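Enquirer: Sequence:
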Amino acid sequence: MSAVAAHRASPAMWSPQPPPPRLQLRRPAPIPHHSSRRDRGLSRIAASQEDPLTALTRVLWGRALPPSQLVLAVRHGWTSAWRLLMRQLAPSDPATGAFTRTPSRFPAVAQPAPGPGARLHLYVGLPCPWAHRALLVRALLVLGPRLPVSVAVPGDDGAWSFTPESPDALYGSRRLRDVYAARRGGFEGRASVPMLWDAGRREVVCNESIEIAKFLCTLAASGAGAGGLDLWPPEHREEIDRWYGVIYPSVNNGVYRCGFAQSQAAYDAAAAELFAALDMLEGHLSGSRYLCAGAGVTLADVCLFTTLIRFDLVYNPLFRCSRRKLVEYPSLHAYMREIYQLPGAAETCDMAAIADGYFGTLFPLNPGGILPVVPASCSREALMKPHGREALPSSAATDRQLGATASVVG
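First residue of the sequence shown: 13, per my numbering; consecutive thereafter.
Derived by calculation from the structure, the hints in this document are not laboratory data.
In the SDA-like style, the derived pairs of lysine to any residue whose C-alpha atoms are separated by at most 20 Å in a straight line are: (1) K226 / A120; (2) K337 / H399; (3) K226 / G129; (4) K397 / P342; (5) K226 / Q123; (6) K337 / C361; (7) K397 / E359; (8) K226 / G239; (9) K226 / A151; (10) K337 / A367; (11) K337 / A288; (12) K337 / L395; (13) K397 / V386.
Quantities reported herein were computed from a predicted structural model and do not represent experimental measurements.
Please put together the full structure from these sequences, using the hints given.
Expert: Here's what the structure looks like:
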């Protein structure tokens, strides 16, 4: 056999050959990694159960106070934003920082004045003391069957709006501004409450609270009411107006001048005037059941009440009316309870809505939006306690008292 034949015949030639060894790529040995404090901190943030912003601050400066530069920057930024918001929310005198209230767009009852047969509709908001005046007059004069009402609520942007739970009962509008805009002449400006609307003429009758209250009194006197009180008797109108001349600037608007003051001097002046007026009213009401001499409850008392009922809940803590609480004025607090206990009055006072309206909506004054616990003195149980004022005379030396007031708060 030839060498070739022998080679072909060899069984080893046809046996499977082992595969070549796999090429092994040798990776370089890992370099030891020494993690920085920052890297460890970022890892903790990823694994942390607390919110990322809080975790990040712990990494940046541990448990120490934030860097002074950051504090100053945030403080300056917040102050600038606060002033910008306040210019629209509560305009002030540029020279003094004193709050200046924006006039009502429809300050007088539209003429010709609606008669008893007009289709009137009242728009209010429960937190607002000015709207509360109109709502309380409607209740005390028993005008409910004659005057339907829609209750707007403050939206997140501060504008009065309607919800499925508190709808516009007349048109089903989403915002109060839409109702204002439905008037024939259109509308520009703030859509404020209270607003009395003439559905027949599609026109705003008035959105100035005291003028609405007076108009409702004349409406009730014409037979539209159901036998309620006479809150604006002709023989006492001059005296009511004189009391209002004291109550409005010093108390009703005085609390806002404290809360919306944009300078220390403006706040100090407003607070001094407010508490001088409250001290005077405490003295007057310790000897007189109501404000006007020889009269029962009048519009003057209504206008004072809607500020007093909000005082300890809102104005004392939020508006810095902090010298004294109303509960520290025995006569004023008992006087407030007496009016609260008049038929129909308590139903117009929604303390939860008042707290939510101020603390939840006035973002520049309460950025956190935290609602406080309603003080015990503001609970219905406390407000319904006997007031003990039945024995007081409904008269006092009002002329002398008003003259003294002018010298104190002027």
